[in-house]
Amino acid sequence: MAEVTYLEGIRQAMLEEMERDPNVFLMGEDIGAYGGAFKATEGLLEKFGESRVIDTPISEAGFVGAAAGAAHMGMRPVVEMQFIDFISCAYDMLTNYVATARYRAFLPCPMVVRGPSGGYVRGGPFHSQNPEAAFLHTPGLKIVYPSSAADAKGLLKSAIRDEDCVLFFEHKYLYRRIKEEMPQGDHLVPIGQAKVVRPGKHLSIVTYAATVWKSLEAAEQLAKEDGIEVEVLDLRSLLPMDEEAIVATVKKTNRVLVVHEDTVTGGIAGEITAKINELCFEWLDAPVRRVAAHDIPLPYAPPLEDFVLPQTSDIVRAARWVASY
Amino acid sequence: MTPTSSPAKAAKTPPAGLSRDQLLELYYWMRLTRTLEERLVALYRQTKVVGGLFRSLGQEADAVGSAFALDKQAGDILSPLIRNLGSMLVRGATPVEVLKQYMAKGDSPTRGRELNIHFGGPERGFIGQISHLGDMVPVMAGVTLTFKLRKEKKVGLVYVGDGATSTGAFHEGLNFAAVQQCPLVCIVENNKYAYSTPTRKMTAAKRFMDKAIGYGIPGVEADGNDVLAVYEVTKAAVERARQGGGPTLVELHTFRRKGHAEHDNQSYVKPGEIEEWAEKNDPLDRSIKTLTTDYGFALDQLTAIDAKVVAEVDAATDEAEKSGPPEPRDALKGIYADPAEAEVLWYREGVRSAVDKNERAQGWGTYNG
Numbered sequence: 071m072a073e074v075t076y077l078e079g080i081r082q083a084m085l086e087e088m089e090r091d092p093n094v095f096l097m098g099e100d101i102g103a104y105g106g107a108f109k110a111t112e113g114l115l116e117k118f119g120e121s122r123v124i125d126t127p128i129s130e131a132g133f134v135g136a137a138a139g140a141a142h143m144g145m146r147p148v149v150e151m152q153f154i155d156f157i158s159c160a161y162d163m164l165t166n167y168v169a170t171a172r173y174r175a176f177l178p179c180p181m182v183v184r185g186p187s188g189g190y191v192r193g194g195p196f197h198s199q200n201p202e203a204a205f206l207h208t209p210g211l212k213i214v215y216p217s218s219a220a221d222a223k224g225l226l227k228s229a230i231r232d233e234d235c236v237l238f239f240e241h242k243y244l245y246r247r248i249k250e251e252m253p254q255g256d257h258l259v260p261i262g263q264a265k266v267v268r269p270g271k272h273l274s275i276v277t278y279a280a281t282v283w284k285s286l287e288a289a290e291q292l293a294k295e296d297g298i299e300v301e302v303l304d305l306r307s308l309l310p311m312d313e314e315a316i317v318a319t320v321k322k323t324n325r326v327l328v329v330h331e332d333t334v335t336g337g338i339a340g341e342i343t344a345k346i347n348e349l350c351f352e353w354l355d356a357p358v359r360r361v362a363a364h365d366i367p368l369p370y371a372p373p374l375e376d377f378v379l380p381q382t383s384d385i386v387r388a389a390r391w392v393a394s395y
Numbered sequence: 253m254t255p256t257s258s259p260a261k262a263a264k265t266p267p268a269g270l271s272r273d274q275l276l277e278l279y280y281w282m283r284l285t286r287t288l289e290e291r292l293v294a295l296y297r298q299t300k301v302v303g304g305l306f307r308s309l310g311q312e313a314d315a316v317g318s319a320f321a322l323d324k325q326a327g328d329i330l331s332p333l334i335r336n337l338g339s340m341l342v343r344g345a346t347p348v349e350v351l352k353q354y355m356a357k358g359d360s361p362t363r364g365r366e367l368n369i370h371f372g373g374p375e376r377g378f379i380g381q382i383s384h385l386g387d388m389v390p391v392m393a394g395v396t397l398t399f400k401l402r403k404e405k406k407v408g409l410v411y412v413g414d415g416a417t418s419t420g421a422f423h424e425g426l427n428f429a430a431v432q433q434c435p436l437v438c439i440v441e442n443n444k445y446a447y448s449t450p451t452r453k454m455t456a457a458k459r460f461m462d463k464a465i466g467y468g469i470p471g472v473e474a475d476g477n478d479v480l481a482v483y484e485v486t487k488a489a490v491e492r493a494r495q496g497g498g499p500t501l502v503e504l505h506t507f508r509r510k511g512h513a514e515h516d517n518q519s520y521v522k523p524g525e526i527e528e529w530a531e532k533n534d535p536l537d538r539s540i541k542t543l544t545t546d547y548g549f550a551l552d553q554l555t556a557i558d559a560k561v562v563a564e565v566d567a568a569t570d571e572a573e574k575s576g577p578p579e580p581r582d583a584l585k586g587i588y589a590d591p592a593e594a595e596v597l598w599y600r601e602g603v604r605s606a607v608d609k610n611e612r613a614q615g616w617g618t619y620n621g
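In the order they appear, the protein sequences are chains A and B. The opening residue of the first sequence carries number 71 in the numbering used here; numbering runs sequentially from there. The opening residue of the second sequence carries number 253 in the numbering used here; numbering runs sequentially from there.
I should point out that these hints are in silico values taken from the structure, not numbers from a laboratory. Keep in mind that this is a model prediction, so the values were computed, not measured.
One side only, chain A facing chain B, incomplete, derived with CB under 10 Å:
{"no.": "1", "residue": "129"}
{"no.": "2", "residue": "131"}
{"no.": "3", "residue": "147"}
{"no.": "4", "residue": "174"}
{"no.": "5", "residue": "175"}
{"no.": "6", "residue": "210"}
{"no.": "7", "residue": "212"}
{"no.": "8", "residue": "234"}
{"no.": "9", "residue": "310"}
Here a beta-carbon is modelled for each residue, glycine too, at the ideal position from N, C-alpha and C.
Build out the structure end to end from the sequences listed, making use of the hints.
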C-alpha cells in the first residue's frame, strides 16, 4: 500500500466526508479551480461541483459567519483559511458569535475552520503563525493540531462530524514531509485523546504539531548520548486537552518538559504547566520547564527564524537540565 | 385575533395585496410592541429588569411592517436588532417570553444566559442577535446560502442600524450574499443616531441605500414610520429574493425617540427634535389616522385592540413575575454538545482539591519502575 502524506490525509478526509454526508461543503479562498494554495482541496470542485466547493471573496469574517449560519440550518461547513494567520480576521465571529451560540441561544454550530499553520518554512511574520493559544481561552471552541498523516485524516473526519466548532490547525512544514501508511476504511481519531509516540521512563516531553518531530529527534539523541529515556506525549487535541494522559506521564517519569513552536509568553505550555502543578505537583521531582519560541514576530531570514524558533538542540539542552535537576 | 372589519363606504383598497384584517393586524403588532415596552419601563423602574432596557419608541412601524412581509408558512427567517421587538412579536415571540428574558428568569427563552431580546432559533422564524453590530449579516448570508443550496423558496431578512453599516462584518456579509445571490433582504434602519453618534459622523454617503451600488444589488428606500410603505417596499424585496433575484438593500427612514437604552438622557439630540417627531411623525398616530380616514375603520375598533393588548400584557406580566431565577449550577450546562456540562472548579466542591486526587502514595522520591 502506498504511503500517504499529511496533506493527502487532509484531502482524503474532506473527500470521504463529502461523499458520506451531503451536508458537508467547503468554503474558502481559491479552493475551487485552483485547489487551494497548498492543494488541500485539489480535485474536489471537479468531483462535487460549485455548490459544494465554494470560492469566496477575500473576507474571512464573511465566510466564517456564513458558515455559522449554514451550520445552524443543519449544514456541515468546512472553511479554509488560506494561511491560518488570517484567522485573526474572523476572531470576532469565532469567539463572540460561533463559540457562544450553543450556550446563549441553543444554536448548534457544527463547523470546521482549518488551515496551514506554523513556521520553519521562511514564511515571515504573516505566513508562519501558530495562533492556537488565542483561541484556547474561548469556551465553546475545540482545537486540534495533529502531527501525523493518519492523525490529520482521522481527526479531521472527527472534526467534521463533531457537533461543535472545531479549529483544525495543520502544520504546513509537515504537509509533504510526513508520510505513512494510512489505516484502511473509515479512519476516525477521537478528539481529546493524546498519544504516547515514544515511551520512556526518565523524562516526559509534552508537545504537539511540528515540535513532536523535533522532540522525537531530541529523544533519540538523549538516548544515545546520555542514556536518558524520554517519553514523548503528542497532545493532538488542545481543547479539550487530555489531562489523564498528562497526569499519567508525569506519574511515570516525574520530570516534564513542555515544548511548542508558538511564542512562550501566554502560550499553551503555561497552561499545561499550571495543570501539572494543580493535578500532580507531588509527583514532580523537578520544576516543569518550557521550550517555545522567543516572544518575537517570526522573522523571514533563515538565521533569524532559526534563532527565534525552538530547535532540536534547544530541546536536548533543556531536557538535560530537567533530567539532572 | 383582531375584530373582523367590514369595508366602509369610499374606503381605499389596501396596498400590496393586504386584506382589511391584515391592516388591523399591523396596528395590533405595533400597539403590542409599544405597550409591552411601556410595561418593561415600569418594571425597569421597579428594578425588576436586571439589565438595560432598549426601546423602539417611534420605530414600531419599521419593525412590524418589514417582518410582516415575510411568509411564516414558507419558513422565512429574520434576524432582528435591538429595536426590532416588533419584528420578533410578528414572527411569534410572546410577551411573556420577552418579560421573562428581561427579568432574567430561569424559564426565560435563554434560561437566564442572555439579555433583553437576544433569543430565537431558526425553527421559530427568527435567530437571536449578538451585541457585535453587523455580525448577523454574514450569519444570515449563510442561512440564506443554505436556502439556495437546498433549492428552497425561503427568504432571509437581516436588520442593521445606520451605525452597523460602518462595520466590516456588514460589508463582508452583504458582499458575500450578493456574489452568491443569496435570498437575503438587508434592512438599514436609519434612525439618525448610533448611540450618540449622528449619521453624518457615521458615513459621508448621502443615503445608505446608495451603498447597494457597490455590491451590485438594488437599493431602495421608504418612509419607515409609514407601516404600509414599509410593508410594500419589503414585500417587493422579499418576493424578488424568493424568485432568485438575490439581495436587496432597503433603507427605512425613522427616528429613535428614546436613548440608546433607558439610562441615556439624549443630551446630544438637538432641542425640539424628539418632540417634533413625536407630534408629527408617530407611527401609531399615523396608523390610526390612515386607518380611520383612508380605510374607513371606526376609532372604537382601534381602541378595542388597545384594550385587548393591555389585557394581554397584564396577563403576561403576572405570569412572568411568577417565575423564579435560574439554578446557579445550570450555568455549567451546554457549552458543548459533548461534554454536556462543564466541571465545577475544585474550590466550589469543598476542601478536597484536584491535587489530593493525585496525591503521591509512596511519598517523595524518584520513579523506581
